[in-house]
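Enquirer: Residues per chain, in single letters:
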Amino acid sequence: MITKRETGALLRVLLVEDNPDHAELILRSLEDHKIPTNLYHAPDGEAALDFLFQRGEFSDPIANPQPHIILLDIRMPKVDGLTVLKELKSSPELRHIPIIILTTSNNRHDVTKAYANYVNSYLVKPVDFESFTQLMNEISLYWLNWNHHLD
Amino acid sequence: MTLKIKQLLTLPASADEEQARIGRILHPVLWAFLVASSVVSVWGIWVANFTLVGVLGGTSLIFAGSLWQIRRGRLGGVSILVIATLLVMTVFLLYTGNGIHDNFIIVYPGTLILGSLVLNQRNFLVLVILTVLSVGGIVFGEMRGIIQTSYSIETSLDDFLGVGAALLVTAVSVRILANDLTTSLRQARLAQHALTKNQADLQTYIRELEQKQLAQVQFANQLHTAAEVTQQLTLILDLEELLNQIVTLLQNRFNLYHVQVYLLDKTTNHLIIKAASGKVGRTLREQGHYIDLMRPNSLVARTAREKTIIVVNDVSQEPSFLPNPLLPATRAEVSLPLLIQDHILGVLDIQTARAESFPTSTLNTFHILAGQIAIALENARLFSQLAESEANLREGESRYRSLFEDSPISLWETDFSLVKQALNQLERPKEQSWRFYFSQHPETIIPCIQQLKVMDVNQVTLAMFQAADKEALFSLMPKLFNEKILDFLREQLIALANGLISFTGEVILRRLDGGKINVIYRLVIAPGYEETWKKAFVSLIDITERKRVEQALQAERDFAQQVIENMGQGLTVTDGNGRFQFVNSAYSRMLGYSVETLLQKSPYDLVTPDGAEILFESQQKRRAGQTSSYEATLVHANGHIVDVLITGVPRWEGNKINGSIAVITDLTERKRAEQERERLIIELEARNAELGRFTYTVSHDLKSPLVTIKGFLGLLAKDIAKGDSARIKSDMERIQTAAITMEALLNDLLELSRVGRLENSPQEASFNQLAQEAVERVMGQIAERGVEVTIHPKLPIIYGDLPRLVEVVQNLVDNAVKFMGTQPNPHIEIGAREFNGETVFYVKDNGIGIEPRFHEKIFGLFDRLDQSIDGTGIGLALVKRIIEVHNGRIWVESEGANKGSTFFFTVKGNTT
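As given, the protein sequences belong to chains S and P, one line each in that order.
Per my numbering, residue 1 is the first one in the first sequence, and the count goes up by one each step.
Per my numbering, residue 152 is the first one in the second sequence, and the count goes up by one each step.
These aren't lab readings, by the way, just hints derived from the structure by calculation.
The hints are all genuine.
Calculated cross-link-like contacts (lysine-lysine; reagent style DSS-like; alpha-carbon spacing at most 25 angstroms):
hint, chain 1, residue 1, chain 2, residue 2
1, S, K34, P, K873
2, S, K86, P, K1008
3, S, K113, P, K854
4, S, K113, P, K1008
5, P, K417, P, K458
6, P, K772, P, K807
7, P, K869, P, K880
8, P, K807, P, K430
9, P, K880, S, K4
Distance ranges between label pairs, derived from CB positions:
hint, chain 1, residue 1, chain 2, residue 2, range
10, P, I948, S, Y118, 53 to 59 angstroms
11, P, N898, S, M1, 26 to 32 angstroms
12, S, P92, P, I792, 53 to 59 angstroms
13, P, S917, S, M1, 43 to 49 angstroms
14, P, S917, S, S59, 54 to 60 angstroms
For every residue, glycine included, the Cβ atom is placed at its ideal position computed from N, Cα and C.
With the rest of the complex left out, here is chain S (with noise of 0.2 angstroms):
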């Protein structure tokens, strides 16, 4: 259940988001930049981990590559973003991927926990509008553009 949004472009984004519209928002805002990326939509931390760890419908390799940057919701049903950050982190095939989290929280408890599990970088989505717009430049400037990607 992941929603592709394939450009042919050599950069891939996985969104791990369980709002709908949220994720909306974010994937509108990332097209906007015209960089060009292939974009991943997972609806949950389960699907988000069969995909990268090519289980189940996802086994295809060829169909379903491994993405450069993940960006991660924490509150998600079945499971949620810190498990799914703390799975990948202790792959040796995975551990490697940029994760950023992208959430509502700013809970204590949820940024310690995310650091502790090797997180590349965590930020709250703002509730402004001009500001979330903003936010989303800034990731799509320096994760999407400036940060060099391991291949």
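Using the hints, position chain P against chain S.
Expert: Here is chain P on its own, set in the frame of chain S:
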């Protein structure tokens, strides 16, 4: 007949002194005259002088009559008659004979002598005159020739003068002589009388002495009785035996290492061992062990010198301690002087084998014992003195006095005779016992006993009653026997009235200064006075101090008893064989057995089988002198397990361990409390976690729709600018949905906050009815999905906040419908079943089921397993809260995905 003659011959007795004297003279004289006149009469018959015979015969008859009259006490008359007869006879004989020259003239002086002895002054004077006149008459008769004489001699007036003068002289001298004689005689009589009286006095005195002697023997008996009462100990008069009994008793009672008694020999100033405990004691006695009074480094000698108690709690710290090689283990020592007044008799020495400070009560007891030993010693001495004095009866009085006065026991010499009279005057029907009579007439007791007269008391008595002198004490007497001691007085009277000669009782008397003294009262009627009760001895032994100590000890015991019986924990004492010697009532309650039953058991009978080992271990520790605490499980009489904490200490008897003392704390309550506490902590933690999740939710889930709303408003502005109408519509829909979601969330939160408390008072309803209502509320969804709902008939009654419980079922049914999945024959079943005595309600579906790992998570706040299904995720959290408020439980069972799920819940009848 012979008796009569003998009586005639003996002198008649007379009470009057003068009469007796006259009698003593007349009696022999009359006899002599009678004999003489009789003889002369016989001679007259012989010579045929019939005149003479007639005269003398007549006088003989008169004399015989006089003798008879004397016996009748008519001495005065007889005297006059005899004298008159003599006078007449003489005149007649002279007249018929030779006149003045007749030989019978000699009768005149005889008559005068006799007259002077028997006649009073006046009659004697008459006699003298008559004599002179008769002489004159005869002379006159001769001169005139009236009287014819055979003599040729001329009778002249000279004859009259000569004879008359001679007779007068005789009369006067005889009278003077007689008076003198009478006076002397009277004096002699008086002297004799005084002598006789003296003799009687002397006899009385001797009798008194004999009585005193008797009293002294009684006093000995009395002392004996007093001693008997004082203490059983003092009964033993054999000093050695007495002392040895005391030391043995002391050693056993007080767990002492060594006890010994030294007595002071005043001639040598040696303290000689008289009694000592144990084998060492025997050796010491056989050695004749002694300590010189002046010996410097001896506690015993110091005690005797200073006449005070010396306590050494640790002899190794005491320079004046004199170690005895036979007693190597002595560590503490108490040395007590045996004093009578200020008089040292010896020393009681007590030694223990461990250093300790002696409690005051123990020291007090030692003190009293020392006092009693001293009294016993003094008694023994007094008895030996008494035995001596028995041999010296003559010294009786003074010695009795001194014994009485100086006796260390209060002694009263009393007279109960008026008490007896008072008793006899009581109008008691014969068939009534005295006890019954006095119970009916208690008012007669005091007047009776107050008839008691105290004759004397000794010095100790004065001191005992704080009286300055005997008068002061006697003034106390009327108050001494009063209503307050009526029972005691009644018993005393009953004993006496029933003929007992002794009575013993304990009574509290008041001193002169108002202070109370507790005494042993002993009354003994003195032997010989059993009938009159005129003499009785009362001894009083002051036991105030002993009573006080006894009471203090009793109070101490009562205190300990109360503490032990009222303590919440169990207390047990076991002997060396591990059997119970004592258990308190708390222990009895703890285990449901009576104290008597427990005393038949051993601790092993009460522990659970696996507890025996730890019990054995702890007993080993106890034998090694160790204290320990351990938890154990005991078995209650009803079979339940009682968790306890046992703290055991070894029980010392002297210096060896004999059993143990244990305090047993019931942990059942504590464990229950601990469990309750843990449960509460878990619950609190759960609540805290829930609260944490709640804030988390507020910060996340409420923010989410806000982000959505603001974001899409921003996008909406752009889309409007671009004129992208499709997007404008989608943006607005998203905004709309987010706002609705937010509203729902806020409503749910409000709802959840309300669930924390019951809003409606608990009521009963059938679960059928309740389920029916719940189903009706979600009938829309049920119909839409085409779900078949079965409610079991005859479901039990449910008790609680009914509207809330309807919500529970409603939510469960709603969930079941929502998660039916693709089930072609959706079915929901509502029912109840009994499980472990508890009613369990359930809602069962055949929907998508829940994986076991989510069985807890689903009840969390805002946790949604599937985002694709509507809802805020608050439903099950709400349900859980309602059930918890009803003190119930809720859980889910499901075999996994697509296997359906069953939600179970219980409701406790009573909710707060």
